[in-house]
Amino acid sequence: MRAKASSPDKGDSGGMGKQQPNRLPRGGRIDRSQPLTFHFNNRACQGYAGDTLASALLANGIDVIGRSFKYHRPRGIMGSGMEEPNAIIQVGVGADTVPNLRATEVALYDGLTASTVRGWPGLDFDLLAINDFCHRLLSAGFYYKTFMRPGALWKWYERCLRKASGLGVSPQLPDPDRYTHRNAHCDVLVVGAGPAGLMAALAAAKSGARVIIADEQSEFGGSLLYSAARVAGNSADEWLGKALTALADCPEVVLLPCSTVFGYYDYNFLTILERCRDRPAEPRQGLSPSPPEREGSKRQGEIRQRLWRVRAKRVILATGAIERPLVFPNNDRPGVMLASAVSHYIHRYGVCPGRRGLIFANNDSACQAALDLAAAGAAVAAVVDCRAAGPGAIADAVEQAGIDVFRGHVITGVTGRKRVRSVQVTPVSADGKTLNGASKTIACDLVAMSGGWSPAVHLHSQAGGGIAWSEAHACFIPDKPGQDNVSVGAGNGSFALDACLAEGQQVGLDAARQCGFEPVPFSTPKTVSATVNPLQPLWRTPALQSPERSPKQFLDYQNDTTVTDVRLAVREGFQNVEHVKRYTALGFGTDQGKLGNINGMAALAECLDKPIAEVGTTTFRPPYTPVAFGACAGMDVGQLYEPVRKTPLHDWHEAAGAEFEVVGQWLRPWYFPRAGEDRLPLPLTKKAGARGAETGGEGGDRRKPFATLSLAAQAPGEASAREDLPEAVARECLAARNSLAIMDASTLGKIEVQGLDAVAFLERIYTHNVAGMKIGRCAYGIMLGEDGMLMDDGVMARLGERHFYLTTTTGGAAGVLHWLEQWLQTEWPELKVYLTSVTERWATIALVGPNSRKLLQGLNGDIAFDQADFPFMSVRSGVLAGFAVQVFRVSFSGELAFEINVESDEALALWRKLMEAGGQYDITPYGTETMHVLRAEKGFVIVGQDTDGSVSPVDLGMNWLLTEDKDYLGKRSLARPDCRRADRKQWVGLLSEDGTTVLPEGTQLVEANTPGGRPPRLPLAALLEGSRLVGKPGRARGRARPIPMVGHVTSSYYSACLGHPIALALVSAGRARKGDHIHAALSDGRYVKVKIVSPIFYDPKGERQHV
Amino acid sequence: MLLIKCPWCGTRDESEFSYGGEADIARPATPDTLTDAEWADYLFMRKNPRGLHREQWVHAHGCRRWFVLERDTVTYRFSATREPG
Ligand SMILES: [Zn+2]
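Protein chains in written order, with this note's numbering: chain A, 1 to 1107; chain B, 1 to 85.
Next up, chain A with everything else stripped away, as it sits in the complex (with noise of 0.2 angstroms):
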């Protein structure tokens, strides 16, 4: 319950007038007793609480509000809501900023800033109105013809095209305010709180039903907020104060002001902005606003936008209709504006817009404009309407007001560059084609016109309904409903009071016995109705010389599109309207099209010769209006965005110094840092005769080969290979080769599987023999795609006869378990087989180094570690230390190694008692980089870095896996000829033949015979295309050169134990070219000379881990 209380304030507060100019002394429905300071464009400003920043500009009498997007023609305020194409402002500074608003929907507070976004460099001086005389230049499908050639200078004009079309700015600083989201289900949901809206939330919610109505004006009552009429016996503003009453007094009844509907999705699912606080939040004391925040640390208090996500079982579509413009030569000049709009701005915030008015109209609902500036002191020049009848009954009141109608008269010219001054008025024949007499000039400051209205059927095609030309009305209206939602009112063609407070009434009730709730009736409201003259359409006023010759008629204000620019796509062959929408910018922008698009249609009908119902209109999407990133975003930003998983040795490692790195959605220490170590920038060379001199080293000596490192000459602009290499990641690895190291494994992926047919299902899935496994022991597994590529690999122990463990990647953790559920699930339900996700279950401590077993031995427990009771790829359980534990004799470093599971809660003590009792052989701890390099030493893969699913177990040599005596799943794929290809990339090692390049992961491997390894000459064209250095086909004479592609580097290290990089690839037909030389293409333009070798560097034999 959260209607905003309306304050009208009858009274003037003095001292205004003199800023306020255009402010009525009294009248309108804001607050007085609280003017407001605001700044647009660095002048300063008057308005009152209850202003809109568009109110509050015409009130100061400020005409120009902005510059069109192609001509740069000066533009004013146009509308009052959010169909508003000119005044599109920049609100705000800093962080604050936001873009491309409304001023139409700004609501006015103290101490706002507002800028015009068009306009470049200034206003009131716009080099860019050249445009608006040179405008052949710049006729429909501009941006095709002049930016296309040459292609290179795109970017160039792109940018130019973007300052000179003033798009606004984006905030450079996080957004400092809050958002949310949140979940509602109803009954009913009514978009729209004007009279049909009302009307069908109150019978809906009178008769039970959950109701939620939501409006984008900050007050509910839509055209009752300026309307004239009498309803039920009161004016229409009481009339709306009670009913608002009567709805508000009903339980389950959800009121949103403030709340655009901007999309309409499947399932009666809509989602809803709510704009909950317009200002932004105070910048807390003491701290300016100019500095970046810290992400995450958001304002505190309000919240600024709610986007909410609504279920409905029914949903009422109440949304009104917009004024069309009429279509005039000078349409545009300041000045003009939406009859309507002048009325609103008369009733709802006290703002004459104009000194001297003229209404043009083909329709009689602009009369009420015309009397409403009479009403509030304005002189109104004449009412001219192209009906021959002119307007029904109301006329008489407009004549009683001394204002002269002009039957069947038109507007043929406007005078006036950033003001209306005068307005050319001439006599039109009853079908409104031909001019057919004199025409005179009328001075005035301000042209109220109408073309009709368009019904919002946005929301109603969105949810997939159609839509029909009306004749009688000559608009779209909704045809069939795609969803279980209903048009109602103005928004489905009923334009009378009368006729949208019964028809509102009708569809409430009918909603809720349709959501089962007995329909509880009562009296429809009474309205005084006056009889009403029919529309006559006027697409275009008939001009007093060919459009292309006469000043611009604009369709669309937002995009700058004019009747010439439609005329000349269908001259170029353009006739679709999804093609002409395309070429002429018609309908774009946040405007899309919501006041020129039916005036866009009729200007191509008449070219084509054709109705308007079959040219169609263009298709509508969400959202509606724009919506800030902020607000989709809600509460999604900084540490709420993803979950962070910490294993549960994290505050360890947090208090070792470590630096951690993400994995998956773990946190991982990357590498222990100690006190004085560098991280030492690379490419590194050793000095001149250091070469060769150190490989591993013992004890005090293990940073012996970094001592004798240093920084190479770098060229200016050269990229290096890696940015730097940590001499921690040096240590850590010569401690696991010489002694002991310590690494926290947990994050390893654990699922048991247990069940009558554990191993009939795990001999489908892993491609080596599960039946032959002897309980106790271990094997490395690897499981493939259906396509044959490697998918994920891990260990696999046998714990029992029909129960067994699997560890998986880290990041794969979950995708396998999903992989073997859907295949026991959809494809073997006959299958007796349980998976169980164990991950978090266990924390995993890995031993490694040729003292891990003597460690373990010195410890308390129950386990036999000795090379004949425990030997390699094996399984014991037992007692550590006085922990219960799981070992696994497995070596992911080629070294003796062991890998200790201990429940979770328990992983603390069990570390710090090993890092006790290892402190006789200086146990290190380490990080994934060493467990990167110490992999990478032995060619382990690590799956998702060297593998990138196109690749097999054959490319990565691992045929020793593959079984075949069985089926498994992708064994059938690797039979595919394209998996039998004698030049498939294959897994291979590389060293730079410089011995000191570490080659960055990634790089492109070529052919060696390249031009001297210095880089092809780039012309200029090919810098300005950010052209690729290699294998791009050159065509032209002085391209870069085609080398043949040989593959890529996939890891690539410092192997401080080795004493040079040592890289992995994959290579065309790489296993049978070991020894060959080929080039490695860095990105700065640089060759390096690399030789194919075995992707095992170290202890080829594999002798380290049996010991």
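Hints are computed from structural coordinates only; laboratory data are not their basis. This one's a predicted model, so the numbers in the text were calculated from it and none came from an experiment. Note that CB positions come from ideal geometry on N, CA and C, so glycine has one too.
Facing chain A, according to a computed beta carbon distance under 10 angstroms, are these residues of chain B, among others:
id: 1; residue: Leu2
id: 2; residue: Pro31
id: 3; residue: Leu34
id: 4; residue: Arg65
id: 5; residue: Val68
Chain A is fixed; fit chain B with the ligand onto it per the hints.
Relative to chain A, chain B with the ligand alone:
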């Protein structure tokens, strides 16, 4: 956002589910006896009908059970759900 009826949990938002592609593609009993073309047909070829489409879904953020749905690819209406197998 679609509303999907899990046979075990009832009707829930689409965001709780994952899609598993076309249903009723049985894995060949003896892949080794298939020609390359036959295997490729099983591996790669999928229907893309305008209209009714039988497909697999899993209630990934719910009961983690797979089931088969029939969906109209034009209207996004579901006409039947059943357990797999
Ligand atoms: Zn379920």
